[in-house]
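**Q** Sequence:
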Amino acid sequence: MTTQLPGPASGTRPDDARRHNRAALVRRLHVDGPCTRATLAGELGLNRSTIKAVVDGLAAAGIVTEAIPTRRSGAGRPSLLVVPDPQAAVVLTVDVRVDQVAMAMVGIGGQILGRHSWNLHRSTRLPGEVITHVAESAQLLRDELAVTEQAVGVSVPGVVRRDDGLVREAPNLGWRDVELGTRLAAVLGRPVQVANDAEAGALAEHLRGAGRDVADMVYLAGDVGVGGGVISAGAPLRGTGGYVGELGHMIVRPDGRDCFCGASGCWETEVGEPALGRALGLPEDTPRGVLVAELRALAADPDRAERQLAGFAGWMGIGLITVVNMLAPGLVVLGDLFGALPPTVLDRVRADVERRSLVSRAVGGTPVVVSPLGRDGALIGAAELAFEPVLEAL
Numbered sequence: 066m067t068t069q070l071p072g073p074a075s076g077t078r079p080d081d082a083r084r085h086n087r088a089a090l091v092r093r094l095h096v097d098g099p100c101t102r103a104t105l106a107g108e109l110g111l112n113r114s115t116i117k118a119v120v121d122g123l124a125a126a127g128i129v130t131e132a133i134p135t136r137r138s139g140a141g142r143p144s145l146l147v148v149p150d151p152q153a154a155v156v157l158t159v160d161v162r163v164d165q166v167a168m169a170m171v172g173i174g175g176q177i178l179g180r181h182s183w184n185l186h187r188s189t190r191l192p193g194e195v196i197t198h199v200a201e202s203a204q205l206l207r208d209e210l211a212v213t214e215q216a217v218g219v220s221v222p223g224v225v226r227r228d229d230g231l232v233r234e235a236p237n238l239g240w241r242d243v244e245l246g247t248r249l250a251a252v253l254g255r256p257v258q259v260a261n262d263a264e265a266g267a268l269a270e271h272l273r274g275a276g277r278d279v280a281d282m283v284y285l286a287g288d289v290g291v292g293g294g295v296i297s298a299g300a301p302l303r304g305t306g307g308y309v310g311e312l313g314h315m316i317v318r319p320d321g322r323d324c325f326c327g328a329s330g331c332w333e334t335e336v337g338e339p340a341l342g343r344a345l346g347l348p349e350d351t352p353r354g355v356l357v358a359e360l361r362a363l364a365a366d367p368d369r370a371e372r373q374l375a376g377f378a379g380w381m382g383i384g385l386i387t388v389v390n391m392l393a394p395g396l397v398v399l400g401d402l403f404g405a406l407p408p409t410v411l412d413r414v415r416a417d418v419e420r421r422s423l424v425s426r427a428v429g430g431t432p433v434v435v436s437p438l439g440r441d442g443a444l445i446g447a448a449e450l451a452f453e454p455v456l457e458a459l
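For the sequence shown, this note's numbering gives the first residue as 66, with consecutive numbering after it.
Simulated from the structure, these hints should not be mistaken for lab results.
Check each hint, because a few of them may be wrong.
[What the hints assert, rightly or not] Ranges of calculated distance between the beta carbons of each label pair, as one might list FRET restraints:
id, residue 1, residue 2, range
1, G304, F325, 18 to 26 angstroms
2, D366, G254, 52 to 60 angstroms
3, G127, R372, 57 to 65 angstroms
4, G304, G107, 30 to 38 angstroms
As the structure is a computational prediction, the values presented were derived from the model and not from experiment.
All C-beta atoms, glycine included, are put in the ideal place defined by N, C-alpha and C.
All chains, please: the whole structure from these sequences, using the hints.
**A** Following this line, the structure appears as structure tokens:
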């Protein structure tokens, strides 16, 4: 994916133009990786002397180096690659899940420098316990890696007010009105960005996953609930307060099961983790690992998978048809448990969308693919949220 950033406005002061060009070049390297000065000049629309000045300045600051490419083609002297130093800017990323907290230190270019995680149980899901453990684990990572983060990104499976990181409601964690952003910033001494996990997953897919070249896409994550993240015209769609993405609470079956939100027949009551367990004939409190193992076993028996999950696939298709008709994405990416569904089940869902979605028919089909990022999607996306102001300031 080629990073496209607006050029400096006409009449911009030289210092502003230099800062803009520097930020644009750093972001290009961060998102798309090492490349030559000539490639940077072409992609960013800058002349070679400007590129040289910016690269030289970044090299003097220790943010980039230049190296001979490991793979060479043709005769003559190879062009040097401009390579970002991962440790020149580091962020801490935290993914709070229902059953686990995953953390990582991430350097420029998206390189994961080190990780830490721990399981969450009912008694350790209290916000204060999680915040304390995050602070302790962050210090362990700093000491182990000899790095210090400049900002923090956090993903949470709940309704998050983006301005200040207030978790309005995270029902599967039992959280309500938790000032997570403010409290973590006070403990860690760093600026903190907090987002819904599906929003973070959508950003990760757009920058580093299946949606790198797609301006309009939807990311759907299947966990205990169902979350959605939307990229529109190349940017996250956030809505009032940042509350976009509660796609799991579309009503698909008015006479269906009661949902914690107060409605009945929400999409996630038909395709969330408990519903998947019921379809597999397993207790609703079955551990996630057992569910995934059962799905893998089913994948080896396509006929059985199609029979056993026919109802589940039907409800998943109904919800996806509505999503595609409402948002007209160029791509739908499935993550978490949805990505573990047997291929024959996903084929059934794709066929339903293609056949029954008016928008999908109008545009010649809407691809529905599995995330290549696995369970790291929200973790990667939260890192990108933290990097946004960091890259601007380098």
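**Q** All hints, please: hold or fail.
**A** Hint by hint, here is what the structure shows:
no.	hint	verdict
1	G304 <-> F325: 18 to 26 angstroms	holds (21 angstroms)
2	D366 <-> G254: 52 to 60 angstroms	holds (53 angstroms)
3	G127 <-> R372: 57 to 65 angstroms	holds (60 angstroms)
4	G304 <-> G107: 30 to 38 angstroms	holds (36 angstroms)
Hint violations for this structure: none, all hints satisfied.
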